[in-house]
Amino acid sequence: MNHPAPLLDVRDLSVTIQTPMGPLSAVRGIDLTLQAGETLCIVGESGSGKSMTSLALMGLLPPRARARAGHIRFGADALDPDAPGQIERLRGDRIAMIFQEPMTALNPTLTLGEQLVEGLLHHDPSRTRAAATARAVELLSACGVADPERRLTQYPHQLSGGLRQRVMIAMALMTKPDLLIADEPTTALDRTISLQILALLKDLQKRFDLGLILVTHDFDVVREVADHICVVYAGEIVETGTRDQVLNNPAHPYTRALLSCVPTSHASADGRLGFLPGVVPSLIGPDEGCQFRDRCALAHAGCAREAPWQEAGTGHRIRCTLAVDDIATLYRAPVPPAAKAYQPDQNPAQPALEVRGVIQRYTLRKGLFGKKGQLTALRGIDLSVNKGEVLGLVGESGSGKSTLARAMLGIERPAEGAVLINGQPISSVQRTRRARLVQPVLQDPYSSLNPRRTVEDTIRLPLDIHGIGTVEERRREVRRMMDLCGLPTRTAGSFPSQMSGGQRQRVAIASALVLRPEILICDEPTSALDVSVQAQILNLLKDLRAEFNLTLVMISHDLGVIRAMSDRVAVMYFGRIVEVGTGRDLFEHPQHPYTELLLGGVAKVGGQGAKVTGTSPNPLAPPQGCSFSGRCPRAVDRCQADDPLLAGTARHAVACHVPA
Amino acid sequence: MSVRTTNLPLDQRGPRFLRLPFAGKFGFRLGIVMLTGFVLVAVFAPYIAPHDPYSQSLLARLKPPVWAGGTWEHPLGTDGFGRDYLSRLIYGTRISLIVGLGAAALAMLIGTTLGVIAGVFGGAANRIVSFIISIRLALPSLLLALAILQIAGSGVMVVVVVLAVTHWDRFAVVLRTACRQVAGQDYVTRARAMGASEARIVRTEILPNVLSHIVIIFTFEMAQCILAAAALSFLGLGIQAPEPSWGLMMSEGRAFLVINPWLITIAGFAIMLLVLAVNLVGDGLRDLVVPKERS
Chain A
4 MNHPAPLLDV RDLSVTIQTP MGPLSAVRGI DLTLQAGETL CIVGESGSGK SMTSLALMGL
64 LPPRARARAG HIRFGADALD PDAPGQIERL RGDRIAMIFQ EPMTALNPTL TLGEQLVEGL
124 LHHDPSRTRA AATARAVELL SACGVADPER RLTQYPHQLS GGLRQRVMIA MALMTKPDLL
184 IADEPTTALD RTISLQILAL LKDLQKRFDL GLILVTHDFD VVREVADHIC VVYAGEIVET
244 GTRDQVLNNP AHPYTRALLS CVPTSHASAD GRLGFLPGVV PSLIGPDEGC QFRDRCALAH
304 AGCAREAPWQ EAGTGHRIRC TLAVDDIATL YRAPVPPAAK AYQPDQNPAQ PALEVRGVIQ
364 RYTLRKGLFG KKGQLTALRG IDLSVNKGEV LGLVGESGSG KSTLARAMLG IERPAEGAVL
424 INGQPISSVQ RTRRARLVQP VLQDPYSSLN PRRTVEDTIR LPLDIHGIGT VEERRREVRR
484 MMDLCGLPTR TAGSFPSQMS GGQRQRVAIA SALVLRPEIL ICDEPTSALD VSVQAQILNL
544 LKDLRAEFNL TLVMISHDLG VIRAMSDRVA VMYFGRIVEV GTGRDLFEHP QHPYTELLLG
604 GVAKVGGQGA KVTGTSPNPL APPQGCSFSG RCPRAVDRCQ ADDPLLAGTA RHAVACHVPA
Chain P
742 MSVRTTNLPL DQRGPRFLRL PFAGKFGFRL GIVMLTGFVL VAVFAPYIAP HDPYSQSLLA
802 RLKPPVWAGG TWEHPLGTDG FGRDYLSRLI YGTRISLIVG LGAAALAMLI GTTLGVIAGV
862 FGGAANRIVS FIISIRLALP SLLLALAILQ IAGSGVMVVV VVLAVTHWDR FAVVLRTACR
922 QVAGQDYVTR ARAMGASEAR IVRTEILPNV LSHIVIIFTF EMAQCILAAA ALSFLGLGIQ
982 APEPSWGLMM SEGRAFLVIN PWLITIAGFA IMLLVLAVNL VGDGLRDLVV PKERS
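Chains A and P, in that order, are what the protein sequence lines are.
Here the working numbering is used: the first residue of the first sequence is 4, the next is one more, and so on.
Here the working numbering is used: the first residue of the second sequence is 742, the next is one more, and so on.
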């Protein structure tokens, strides 16, 4: 390599964890090189060993995990092979780390000032407290925390998630580190907040000439910040190169397949996502050769023996038995079984699902004699979904998406307004009849199945509740649904704890469809899943939509998912729908500034993301006028006084005084 | 060449390692064996007991146990009325078990009902139940028990009711939290959307998933109730003479503490063994159930 001495140079890093089943090789000989001021993204699915790599670099591995390395060079220091504990000395001083969960990474019993200052004094006792406090104030304001002096006296629970992550970053920078390791730093945050944090990281990197290692599963994040990318699979790097090389010209079959699974803003509702069958293999026991061979369309006998490195371009290397050109000619994006075309009813006489002026309030009260507070979760929702249509509902956490889902399911009665199914108010429909009209698919595949029931029992439950069919008929119907949802028959007797997240979600879908509902409400059905599994589930939903003539409401915070699935999209903000339109209109010509902000990060490849500031208002004390006016770059005086209503055509409507 | 970069000096096996062989496996087995023994003794009391536990013989008063100079006619000696101590001890097992099981079962019924209502329905139901629990916790149990026994008289059933009324709170507090957690799970929402009735949801979705909590608290409260029943008997309330209640036997033995200390010691030892057995079983069940729930 013709670079100057790198900031970090790691050769042959391995992590082994002792398990009852034998040693598990979580990381298998990874090489990393990082220059000062550069960003390296380690990207991979869950179980790929990406977090273990970052923890090993920080010397923070869990007990029973052991790291070994050929060498680790950090700046001018070559870490002595015979002296353990060297990384521990650098940790927090020259290497700092930011964690995923800003809610738990700060100590709730200490003020922010104490946490920021103590850390620095611990590493450098020669500093005075006043100097340390001054540095804390300086860094907090560099991290975009307003009024830093006051923040120093506050406790973590007084801060929002995004603000906590800013404080975490400031804390990491207190000792002037050269290297910052961030493990999924924005995964727990909302889209607009996540964009702010990424912009901040890039800004700080430039200012302090930081090396940044960012561990993530999110290709949007990678696209936003990476200089170099390492794609890891089953504890090994399979492809490495610059951002443009890896994202625009992926060479390895795994990277190609994975990228084809990522729903992007280029996808459209009629297309299908890529297909990457199978799961990451077990990492217990030694295994030579390419780890990806079981899932690879191009695998041959030689793949079991070795996986040699080869150049795919300058600095762009992959690990594969096939030559780069051969992969390019042989590789076909794996296409899932034939896509079923489906055309929704364009001009129906009556919408399948209609939401009319729905308002939902919750009374909050502490204890029997406590003070009451009122939280308005939905502030007047009007929405209609035509038969056979897929309506995408997008919004940040706290925007009321899930509340609206419960109202549409008829399991929660709105305070005002009504939800109509086929023109009939859902509140007047009998419980069991309602269940045959509308069913949910919920977010968390780990909590949507009763742990005490087998797969077969779970899918059969609705038939039992409704008393449909004989025992034999029910059994046949369950098998049929399992088949349709891609569940092997042998899993019928399995308990949820024995299944993967994707399989659990298939069970949940099968059990929702066994009653043959007309409408399926999917509340973040894939947000807990890996991108390859997400593609499988989204494709499955598309197939089932055609098979069962379904009307779908697709709720997600992920614009890629929404774009890939929806005919029409509604954007929610703070309990209102601020913009609704056909997928194409809304994604290509967003009119509401909030929609623009959401899209800003997705549409732009690199460059400066849209400038987003602030957070949602407090739902216990809603602001006057337009609820977005506090964050809006286009706000005029009228916005503070006058709350805009949804106006426009059936194709595209927006609630804004100053639409684009 | 290779570097050992990391290995935290934390030993996670510490507490578990210490706990497992005793409480986990051996203790659980021992508890089951002991408890089974007590149950068998209680069921077959008429066949095992060498004498009628009520028949008095003033000629054979205060005979010492066999190891303290007594005869095999009365292996554990006789009490102040000349009643065979071993027979009374055997019949006393029945009373202790009935009171313990009955009171714990009734407490479970009260506490679980309240806890499930509060946890599943939340809101106003939760606030009212919380208030009831607060009231219950504010009342001194022993004084309440004494007051009720004074008014309602005595007898096994009254004691069972009194103990249940003063021991249901733990069921309610734990189950309220457990049910609230389960009720928030998506599978409960899904069952609701499937058109299942609330009763069905409680029966098939919620109760099976909080059963482990109920079982564990049950054993704990059973031990507590056995002790409390003995204490009430010792104080002269609750079960009345001539019933062979262990607590009452200790109370009666108090008068002869100097002449024959075994009268008070053996009954006390029996109470200790039974409570220990129940607690060992409870601890074993907890170790058995809790890790499985977490995985």
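Don't read these hints as lab results, they were simulated from the structure.
It is possible that part of the hints are untrue.
Reference listing, derived: stretches of chain A covered by chain P, where coverage requires no fewer than 3 residues with Cβ under 8 angstroms from a Cβ of chain P [claimed, not checked]:
#1 421 to 431
#2 444 to 456
#3 588 to 600
Only some residues are given here: those of chain P computed to face chain A with a beta carbon under 10 angstroms [to be verified]:
#4 Gln926
#5 Val929
#6 Arg941
#7 Gly1009
#8 Ala1011
The following residues of chain P were derived to be distant from chain A, with all beta-carbon distances above 12 angstroms [to be verified]:
#9 Phe779
#10 His792
#11 Trp808
#12 Gly810
#13 Val923
#14 Thr930
#15 Met935
#16 Ile947
#17 Leu952
#18 Gln981
Computed from a predicted model, the values in this text were never measured in an experiment.
Just so you know, even glycine gets a beta-carbon here, dropped at the ideal spot from N, CA and C.
Now for the hints, and whether the structure bears them out:
1. With a threshold of 8 angstroms between beta carbons, the proposed coverage of the region 421 to 431 of chain A by chain P is violated, since 0 of its residues qualify and at least three are required.
2. Closer than 8 angstroms: that is the beta-carbon criterion, and the region 444 to 456 of chain A has 9 residues meeting it against chain P, so the requirement of 3 holds.
3. Counting residues of the region 588 to 600 of chain A whose CB falls under 8 angstroms from any CB of chain P gives 0; the rule of at least 3 is not met.
4. With 10 angstroms as the threshold, the beta carbon of Gln926(P) comes within range of chain A, its nearest partner Cβ sitting at about 4 angstroms, so the hint holds.
5. Look at Val929(P): its Cβ gets to within about 8 angstroms of chain A, closer than 10 angstroms, so that hint holds up.
6. Restraint check, Arg941(P) versus chain A: the minimum CB separation of about 7 angstroms is within 10 angstroms; hint holds.
7. Nearest Cβ of chain A to the Cβ of Gly1009(P): about 42 angstroms, over the 10 angstroms cut. The hint is violated.
8. Taking 10 angstroms as the C-beta cut-off, the interface hint given for Ala1011(P) is violated, the closest approach to chain A being about 39 angstroms.
9. Taking the minimum C-beta to C-beta distance to chain A, about 31 angstroms, the non-interface status of Phe779(P) holds against the 12 angstroms cut.
10. Consistency note on His792(P): stated as away from chain A, and its beta-carbon is indeed over 12 angstroms from all of that chain's, at 50 angstroms minimum.
11. Non-interface call for Trp808(P) relative to chain A: holds, since the shortest CB-CB distance, roughly 50 angstroms, exceeds 12 angstroms.
12. Its beta-carbon lying about 58 angstroms from the closest one in chain A, Gly810(P) satisfies the requirement of being farther than 12 angstroms from that chain.
13. Once the 12 angstroms rule is applied to beta carbons, Val923(P) is inconsistent with being away from chain A; the minimum gap is 9 angstroms.
14. Against chain A, the non-interface label of Thr930(P) is violated: not every CB pair exceeds 12 angstroms, the least being about 6 angstroms.
15. Not every beta carbon of chain A lies more than 12 angstroms from that of Met935(P), the smallest distance being close to 5 angstroms; the non-interface claim is violated.
16. Against chain A, the non-interface label of Ile947(P) is violated: not every CB pair exceeds 12 angstroms, the least being about 10 angstroms.
17. Non-interface call for Leu952(P) relative to chain A: violated, since the shortest CB-CB distance, roughly 9 angstroms, does not exceed 12 angstroms.
18. Its beta-carbon lying about 41 angstroms from the closest one in chain A, Gln981(P) satisfies the requirement of being farther than 12 angstroms from that chain.
The structure fails hints 1, 3, 7, 8, 13, 14, 15, 16, 17 (numbered hints given earlier, in ascending order).
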